[in-house]
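Listed below are the residues making up each chain.
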Amino acid sequence: MADNSFLKSIIIILLISVSASLYAETAEDIIKIMDEKQTFETLESTGSIISRDRFGTKQSDFTSISRGKSEFLIEFTSLEERGQKILRTPDELYLFYPDSEEIIRLQGAALRQSMLGSDISYEDMTEGTDTLSRYDVKLNGDEDVEGAGCYVIEMTAKKKNVPYPRQVVWVDKNIYIPRKTDYYSRSGKLLKTMELKDYKKDGEKIILTSMIISDKLKKNSTTELNISSYRINPPVHPATFTLEELTW
Amino acid sequence: MKLSKIALRNINRNKRRSLLSGSAIAVAAASIIFLFALLDGMETDLADNIQTFYTGTIRIIHSDFEKNKKINPMHLTVKDPDKIIEITKRINPDIQVSERISFPARIYIGSRYFNAMGMGVRFPDEIGFQKIEDVIVEGRFPETGREVLLGARLADKMGVKTGDKITALSATAGRGSNAMTFTVTGLAVFPLLEFTNSVFMIPLETGQDFLKMKTDVKELLLKYKASSDQDAAALIDRLRNETEKNGIKNIDISYWKDINDTYSMIAMAEKMYMIMAFFFLLLGCSVIINTTMMVIYERTKEIGMMKALGMKNSDVVKLFFLESFYIGIAASAAGVIFGVIISQILHHTGINFQNMMEDMDFEMSTVLYPVVTLTSVVTIFLYSVIIASISTFIPTLRATGINTVDALKHN
Chain A
5 MADNSFLKSI
15 IIILLISVSA
25 SLYAETAEDI
35 IKIMDEKQTF
45 ETLESTGSII
55 SRDRFGTKQS
65 DFTSISRGKS
75 EFLIEFTSLE
85 ERGQKILRTP
95 DELYLFYPDS
105 EEIIRLQGAA
115 LRQSMLGSDI
125 SYEDMTEGTD
135 TLSRYDVKLN
145 GDEDVEGAGC
155 YVIEMTAKKK
165 NVPYPRQVVW
175 VDKNIYIPRK
185 TDYYSRSGKL
195 LKTMELKDYK
205 KDGEKIILTS
215 MIISDKLKKN
225 STTELNISSY
235 RINPPVHPAT
245 FTLEELTW
Chain B
20 MKLSKIALRN
30 INRNKRRSLL
40 SGSAIAVAAA
50 SIIFLFALLD
60 GMETDLADNI
70 QTFYTGTIRI
80 IHSDFEKNKK
90 INPMHLTVKD
100 PDKIIEITKR
110 INPDIQVSER
120 ISFPARIYIG
130 SRYFNAMGMG
140 VRFPDEIGFQ
150 KIEDVIVEGR
160 FPETGREVLL
170 GARLADKMGV
180 KTGDKITALS
190 ATAGRGSNAM
200 TFTVTGLAVF
210 PLLEFTNSVF
220 MIPLETGQDF
230 LKMKTDVKEL
240 LLKYKASSDQ
250 DAAALIDRLR
260 NETEKNGIKN
270 IDISYWKDIN
280 DTYSMIAMAE
290 KMYMIMAFFF
300 LLLGCSVIIN
310 TTMMVIYERT
320 KEIGMMKALG
330 MKNSDVVKLF
340 FLESFYIGIA
350 ASAAGVIFGV
360 IISQILHHTG
370 INFQNMMEDM
380 DFEMSTVLYP
390 VVTLTSVVTI
400 FLYSVIIASI
410 STFIPTLRAT
420 GINTVDALKH
430 N
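Chain order of the listed sequences is A and B. Here the first sequence stands for residues 5 to 252, where the numbers follow my numbering. Here the second sequence stands for residues 20 to 430, where the numbers follow my numbering.
By construction, these hints were calculated from the structure, which means they are not laboratory data. Built from N, CA and C at the ideal position, the CB exists for glycine as well. Treat the hints with caution; some may be incorrect.
[What the hints assert, rightly or not] Sample of chain A residues facing chain B (criterion: CB under 8 angstroms; computed from the structure):
id, residue
1, 59
2, 62
3, 64
4, 65
5, 84
6, 85
7, 95
8, 98
9, 99
10, 103
11, 104
12, 108
13, 109
14, 120
15, 121
[Said to hold, decoys possible] Pairs of lysine-lysine residues, derived as DSBU-like cross-links and limited to a Cα-Cα distance of at most 30 angstroms, are as follows:
id, chain 1, residue 1, chain 2, residue 2
16, A, 193, B, 86
17, A, 62, B, 86
18, A, 62, B, 102
19, B, 231, A, 220
[Stated by the list, open to error] Simulated restraints on C-beta separations:
id, chain 1, residue 1, chain 2, residue 2, range
20, A, 93, B, 108, 48 to 56 angstroms
21, A, 93, B, 291, 57 to 65 angstroms
22, B, 182, A, 163, 38 to 46 angstroms
23, A, 163, B, 178, 28 to 36 angstroms
24, B, 248, A, 105, 44 to 52 angstroms
25, A, 93, B, 182, 31 to 39 angstroms
Using the sequences and the hints given, assemble the complete structure.
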């Protein structure tokens, strides 16, 4: 009897896996699952950005709160940038500096500016997880990335107001996370690369806890983005993602 | 009768023609005097602007700054500027020093933004260094804290006036970014359009705080009257030795002529203009050649007669040469005097090139003042006389080839 129930469990798991893989056959489905796994009702985290280039290494620490797919608030805590905040709302991106009486709304090319001299732009840091609203996706086969089988998905921007007109993302076939992403310009020039170094699973959700971003337009420059701690679904004040709250 | 007397008599025989020949030389000489006065004025203006606004006579920056300047390396600063100033003053107490932090910035006003060039300066020092009080057209220069002096056209572009607030965003020395809000205390019209269009100036300490520079500066500009390039090179050597002895590292000390290319371009252009002046005068001389040829044709019978009376070919050449020489002297003198008068008037009134320079980033002032130098006056006078005199040789050679008998028959 015991052997039978073990066999049943194996068959059920296999059936679920097979049905899951059948379900995730289209590029849209894969990206949707990838986004959902990284979308939280609310998420609070602390981390650091470590930039390395020919001038040395620089570390900036931050805390961040996000809600849903497109609301983020990041506050820098390291001495050099203490009190600086970045607020992303569904439509806009704002910067708050303690020395400034005005909140700066970033738009257009300014969104692509380097954040704190790193390889990450303001847009990269706060990019939401609603990928399918901004990109057309196409499955381009599969490849292994550091031993993990991945779908290779090409994403082409639907609108002109996205930072990268074309992306190629390698999505892990088993856990649906981006193992690697290449970002291209409209002319096909490689602008940036992202490599995932570590992640944490929490139930169905996945938090990308360490990744390396490299701006290919800069010489010998890489940036490590690390999440040291996080809390899923903490209570968040409704006014957190408003301009009024930003100046507090 | 002496040849010189005959030459003078011949000049007076047809005053209109002599005047025509002379006026061509005079116009050419006057134009060249003015052109050279303008060039000298431009050169003086450029040298002054470059040393006042950009590099000083000697500039001290971080040794790695220049090779990385494309990426705006705000962290490559000059450390311990007070020590360097102390060393400089010990070497020569008359050297004026300007501590500066220049930085590209973006100014935000509401949802609009404007690209600008920020500059942190010690305003009291800039009174002597760039006569800052002369450029202020409204309000006053910032004294302390978060106050800003704006280029008048930048203010106009942004719709900002004295008493308003602006917020500037810039990269910092900590390789991050910062934004700060300033109150506009004054507007300035600088001699350079680029500055009036895009510069805002804040107190040095505010700049250090804004850009997280502690007590560092981006550059130290030293200004003094170097008697020669060698004199400046000797001072630079001494500064290098003294700063090194005092343990100051990672600085680059350079002479302004080695930093800025524009001045050497103008100096090179001056040589080109010398060649152009030569052709300009030759053009003027074509009138002399032309009139001399007409004179020779008209006076063929007279030449024949003089030759029949025993005048040698060389004397015929000398006669025509002397005629041109006298015309050349008179015309060159008149042209040079006229050119000097015009240039001197414009030296006081100035020539406004603002409309021409609207879209140019050039270290030249919008109003230029021609400068007449004794060297250019003497050179151009001699140049004109010599070219005018030599130019008669071509038609005169024709006169020497005239057969005496044929000449006497000529009507």
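Hint check:
1. 59: Given a least distance of 7 angstroms, the restraint on residue 59 (chain A) holds.
2. 62: holds, 5 angstroms
3. 64: Because about 7 angstroms separates residue 64 (chain A) from the closest Cβ in chain B, which is inside the 8 angstroms limit, the hint holds.
4. 65: With Cβ-Cβ at 12 angstroms, over 8 angstroms, it is violated.
5. 84: holds, 4 angstroms
6. 85: Hint holds; residue 85 (chain A) Cβ to chain B Cβ min 5 angstroms, cut 8 angstroms.
7. 95: violated, 13 angstroms
8. 98: violated, 11 angstroms
9. 99: Because about 7 angstroms separates residue 99 (chain A) from the closest Cβ in chain B, which is inside the 8 angstroms limit, the hint holds.
10. 103: Holds: closest Cβ of chain B sits about 4 angstroms from residue 103 (chain A), inside 8 angstroms.
11. 104: This interface hint holds because 4 angstroms falls under the 8 angstroms limit.
12. 108: holds, 5 angstroms
13. 109: This hint holds: residue 109 (chain A) lies near chain B, its Cβ roughly 6 angstroms from the closest one there, short of 8 angstroms.
14. 120: holds, 4 angstroms
15. 121: holds, 4 angstroms
16. A:193 - B:86: Roughly 26 angstroms between the alpha carbons, so the hint for residue 193 (chain A) and residue 86 (chain B) holds.
17. A:62 - B:86: holds, 21 angstroms
18. A:62 - B:102: holds, 28 angstroms
19. B:231 - A:220: Holds, at roughly 28 angstroms.
20. A:93 - B:108: 48 to 56 angstroms: holds, 55 angstroms
21. A:93 - B:291: 57 to 65 angstroms: holds, 60 angstroms
22. B:182 - A:163: 38 to 46 angstroms: Hint holds: Cβ distance 42 angstroms, inside 38 to 46 angstroms.
23. A:163 - B:178: 28 to 36 angstroms: Given about 31 angstroms between the Cβ atoms, the range holds.
24. B:248 - A:105: 44 to 52 angstroms: holds, 49 angstroms
25. A:93 - B:182: 31 to 39 angstroms: holds, 33 angstroms
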